[in-house]
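Can you make the complete structure from the sequences, with help from the hints?
Residue numbers (our numbering), protein chains in the order written: chain A, 39 to 331; chain B, 3 to 839.
Derived from the structure by calculation, the hints contain no laboratory data.
Check the hints yourself; a few may be wrong.
Said to hold, decoys possible - In silico DSS-like cross-links for lysine-lysine, where the CA-CA straight-line distance does not exceed 27 Å:
| hint | chain 1 | residue 1 | chain 2 | residue 2 |
| --- | --- | --- | --- | --- |
| 1 | B | 287 | B | 786 |
| 2 | A | 106 | B | 287 |
| 3 | A | 50 | A | 110 |
| 4 | A | 106 | A | 50 |
| 5 | A | 106 | B | 817 |
| 6 | B | 277 | A | 106 |
| 7 | B | 434 | B | 375 |
| 8 | B | 359 | B | 434 |
| 9 | B | 287 | B | 277 |
Unchecked claim - Residues of chain A placed beyond 10 Å of chain B at every Cβ, according to the derived structure:
| hint | residue |
| --- | --- |
| 10 | 39 |
| 11 | 78 |
| 12 | 80 |
| 13 | 87 |
| 14 | 161 |
| 15 | 165 |
| 16 | 212 |
| 17 | 306 |
| 18 | 331 |
Unchecked claim - So, partial list: chain A residues that the calculated Cβ filter (under 7 Å) puts toward chain B:
| hint | residue |
| --- | --- |
| 19 | 59 |
| 20 | 154 |
| 21 | 322 |
Every residue, glycine too, gets a C-beta built ideally from N, C-alpha and C.
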Amino acid sequence: MIYDIAHRTIFKYDAPVASARCAMRLIPRSDRGQTVLSSHIELSPSAEFINERIDFHGNRVCEARILKPHTKLQIALAARVEVERAPPPAPALTPAWEIVRNDAYASDSLAASSPAHFIYASRFAPLFDSATHYARESFSPGRPILEGALELTQRIHADFAYDPEATHIATPIAQAFERRRGVCQDFAHIMIAALRGLGLAASYVSGYLRTYAAPGQARLEGADSTHAWVSVWCGPEFGFFDLDPTNAVVVGNDHIAIAIGRDYADVSPIDGVIIGAGDQDLDVSVDVKEAAI
Amino acid sequence: MSAERPIETDKASQRVAAWIAQYAPMRDAPDELFDHDGRLRTHWREFLDALAAFGDDGLEQRFAAAARRIDDMGVSYRVHGEAKERSWPLGRLPLLIPESEWRDIAAGVAQRAELLNRILHDVYGDARLVADGVLPAAAITGSPDFIRPMCGVAPPGGRWLRFYAADLGRGPDGAWRVLGDRAQAPSGAGYALENRMVLSRALPSLYRDMNVERLAPFFREFRASISRAAQRVDPRICLLTPGPWSETYSEQVHLARYLGFTLIEGEDLVMSDGKLHVRTIAGLKRADAIWRRVDADWCDPLEQNAASRLGVAGMFEAIRRGDVVVANMPGAGLIESRALMSFLPELSERVLGESLKLSNVATWWCGRESERKQVIEALSERAINSAFGGRLPGFGERREALGSELTADERAQLIDAINQRGVDYVAQEPIKLSTTPTWVDGRLTPRPFALRVFAAATADGWTVMPGGFCRVSNRLDARAVSMDAGAQSSDVWVLTSRPIEWSTLLPSDENPPIVRALGNLPSRAADNLFWMGRYLERAEATLRIVRSLGARLGELQHIDLQGGQSIERLARLLIAWGAAPEGAPDMNPTEIAWSAAAGADDYGSALSVVRNARRAASIVRERLSQDVWQLIGRIETRLTRAGARAITEPEALEIVERSLHTLAALSGLIDENFNRVAGWSFIDLGRRIERAIGTCRFARQFAGDDATVETLDALLDLLDSQITYRSRYIAGAALAPVLDMAMLDPFNPRSVLFQAMRIDEHLAALPALRDDGVMERPRRLSVKLRAELESEDARRLDTSIILAFEQRLMSLADKIAERYFTHGADGAANSQPSRIA
Chain A
39 MIYDIAHRTI FKYDAPVASA RCAMRLIPRS DRGQTVLSSH IELSPSAEFI
89 NERIDFHGNR VCEARILKPH TKLQIALAAR VEVERAPPPA PALTPAWEIV
139 RNDAYASDSL AASSPAHFIY ASRFAPLFDS ATHYARESFS PGRPILEGAL
189 ELTQRIHADF AYDPEATHIA TPIAQAFERR RGVCQDFAHI MIAALRGLGL
239 AASYVSGYLR TYAAPGQARL EGADSTHAWV SVWCGPEFGF FDLDPTNAVV
289 VGNDHIAIAI GRDYADVSPI DGVIIGAGDQ DLDVSVDVKE AAI
Chain B
3 MSAERPIETD KASQRVAAWI AQYAPMRDAP DELFDHDGRL RTHWREFLDA
53 LAAFGDDGLE QRFAAAARRI DDMGVSYRVH GEAKERSWPL GRLPLLIPES
103 EWRDIAAGVA QRAELLNRIL HDVYGDARLV ADGVLPAAAI TGSPDFIRPM
153 CGVAPPGGRW LRFYAADLGR GPDGAWRVLG DRAQAPSGAG YALENRMVLS
203 RALPSLYRDM NVERLAPFFR EFRASISRAA QRVDPRICLL TPGPWSETYS
253 EQVHLARYLG FTLIEGEDLV MSDGKLHVRT IAGLKRADAI WRRVDADWCD
303 PLEQNAASRL GVAGMFEAIR RGDVVVANMP GAGLIESRAL MSFLPELSER
353 VLGESLKLSN VATWWCGRES ERKQVIEALS ERAINSAFGG RLPGFGERRE
403 ALGSELTADE RAQLIDAINQ RGVDYVAQEP IKLSTTPTWV DGRLTPRPFA
453 LRVFAAATAD GWTVMPGGFC RVSNRLDARA VSMDAGAQSS DVWVLTSRPI
503 EWSTLLPSDE NPPIVRALGN LPSRAADNLF WMGRYLERAE ATLRIVRSLG
553 ARLGELQHID LQGGQSIERL ARLLIAWGAA PEGAPDMNPT EIAWSAAAGA
603 DDYGSALSVV RNARRAASIV RERLSQDVWQ LIGRIETRLT RAGARAITEP
653 EALEIVERSL HTLAALSGLI DENFNRVAGW SFIDLGRRIE RAIGTCRFAR
703 QFAGDDATVE TLDALLDLLD SQITYRSRYI AGAALAPVLD MAMLDPFNPR
753 SVLFQAMRID EHLAALPALR DDGVMERPRR LSVKLRAELE SEDARRLDTS
803 IILAFEQRLM SLADKIAERY FTHGADGAAN SQPSRIA
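Here it is, written out as structure tokens:
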């Protein structure tokens, strides 16, 4: 499947901004069953691109500097990405979760793909008892890891209400957990915290969803902005598999991954510092459609 | 140095006997004063005898002098969460360590520093130790100081670790043991230096006779080594501080001054052309090396904690480009975790091919199954801690659990937690700190202590500071000592048998080039000096109005003088300045005057303005002499105390008068003692601008079209120009002559022209950004303003012309700020950066 992605972000400022420096993680990854065929970022006012690098987790980061005073900043990404993901293994064939946990503890690699990076609490995914207990219900002793993880994905979908009004970026996930509502970002963080509470390795994936449902299927939640889901490590033999708790699905060819990290802080699409005062207003639009080739 | 007269030996030995008669060390922990057979150690005997020879009074005098010196030096610290700094609690007795024992400590600490540096190279490099199974990846990744953006980066200057500290204590067998490693931004070296300066002055002969090792060579080598690591020959080395709210700010200020480093905050730095620069009044200047006291997570908001305001966006990129030496590299803090400690004995064999010379507290990381089982079996003999610092997961606010003190429920909970997430826990042998004598109520008393020893990288290895930072608990039974309320600190004397060469930071073996200009003043410092000058001047003006008002009110009560007009205007002026509340009709002029002086609620009261001056001063404290800092504090204290109680009118006037005297003294101190290239011009610029604006306002208020003899008289009063006026003009106050004196007289140090001339001179002398000789904007304004005032005629002046001058002065102040403090588009020092997303 080949997609054309258009992702536009507009910042409007109450007071003029003298200068800005930003780091953007917008261009999708070229690994795990997807390939970026082309990509282009355009800034307005125009910017000086100062650096492009690959961060620790393998994400592409573009850094730019805008030296013109401005009250509106538009960042637009256009990308064409091919997605052809292998289906996950039969859950029953994956190893018992305790074995996977001990393998993660004993990992002998510090490479980005090592599960050791994803077993600890992180900035946006602190561990808390109620999440661990919640996860434990799906992980009876000896249960194959992917079975447990799939069940957890479905339970979160069933137990939590999608409600953009319930939380904002600074809402602690323990609070979203208690209220049983939130958005994709909250569900991903909650699932990560729950899995890590058991000692399992789970990472945060930001990405896009196809905007229009495939024929005969329902439209997925989170398609009109950037999406987030979870990647679970299933042992050295199987590696990571992606699960989307917001839509209770295994991530297949409807998802396009942008960046991977321990949590949102590692993959935040646009980070920056501006020199200026006053409030700002944010407007994001995402459009992902099958490429007409 | 005073002469030290030994007194009768008998008396002295009786005194020593009395000091130690009730000294009772713990049975199960070693003690510094007595050996395990209960014998007084010889070096302590020698020390106490010498101390006793001073006599009781002599000793008290010395220690009182030491206490005064601590205050004079401004040594202080902050207990976390407290607004006010505390005076430094230096104990009277040093910790004494004989050379033979010290040699082992120093060798052990140097070895450990080298080992940790190599481990950092490996972990952030090709991670061979991890791949070979010697060091589990999870023992690294759990550390909040495993800074992933630094993976694969070659540290500029070639080292991850340049400044390392080890916390030591004696084990039950008397052998020194490492309790903890410090590499993030170790504190205490500056306090050690300050402790030494104070104690060696209090006991100079003792210090000399006992051949105490000097600290200065250590700092000299540290500085030289950073300097060599930088790319340029004469590098600019900066000490990056989190700012005045940091617990150890006082120490950082002292170290920057002692080492000659530029003290900067994150806001002083800017990334430009891929390199880090300091914003200075002469433009952007390259930062070659940074000694950071800001934790790595806060160093670069673009790559770590996006909420940080303490660092600078782009620091990590500058490091990757190899353009800035950072001590220690972000990520070095990783080696502080207890989890790593459990692997060090093995890693030492593997990496260095030798065993640890100083063993650390026995530690077991519970992330490995074999250790986990052992720990659970022996739980009642273990202390359980978080593997990577902070709170013990699952145990609320607790940082440690002693296996022997757990309830059955807690024990079950802990075992369950260790079985589930053992990676989060370490077990250690419980260590009880050993004791050293301290001085309590005229006697020696044993108190537990921990010793921090510092090592600095040199060209070919490590140098260890002979001495250290010793913290002494105020409780007898202690497992850790932090500098919270109640703890003390002691100087640490390493005693040698040979005479010590005198040494300070002064280079002796080379001919230093003579330098008169100090490095370029950072913009933020200039900004704060400027505002300190403005606030001090405004405080003075406010107090002058209050004094003038008070004097007129006093006269009114006694003789029937016509004072109504000027009283009303003076009061109005105070209200217009925000010094007294507006729209409080029931306040009489006396109340207005007093509120304008010592009221805490109005932003323009003398007290509020002095507080602002102090705040600005606190940010540039390292540039101010202790006297200046103290005098500002004194005015604030005086006005605060006075404002807090009921007070009679004469008393109030007296306080105003004395505050004005202190301000005058301050002004004199600043003029006479402040080096002209160290930022004095910015204080003076601030003062001059404020005074010129103030004088314009006075003139508009008292010498307008409706001026009377009485209001002109008040104006002369405010300008301190009564005497000059009377000597020049025989008749009473008349409009044009008074206005001339206030606005245009080039010889009157309070006239507006006089200020304009000084401002213009300062601007002419400040560094220029342009090299084409064309005047910069602030100077263009000042030249014009000065010329116009010089050619103005007093008879023509009216309130609208004066107002126009006043507005031009304000715009000049803005232009000065734009040019020297904020640097236009490259970043504003006084506007808050904020996150985009």
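Please name the hints from earlier in the document that this structure breaks, with their numbers sorted from lowest to highest. Failing hints, ascending: 1, 14, 15, 17 and 21.
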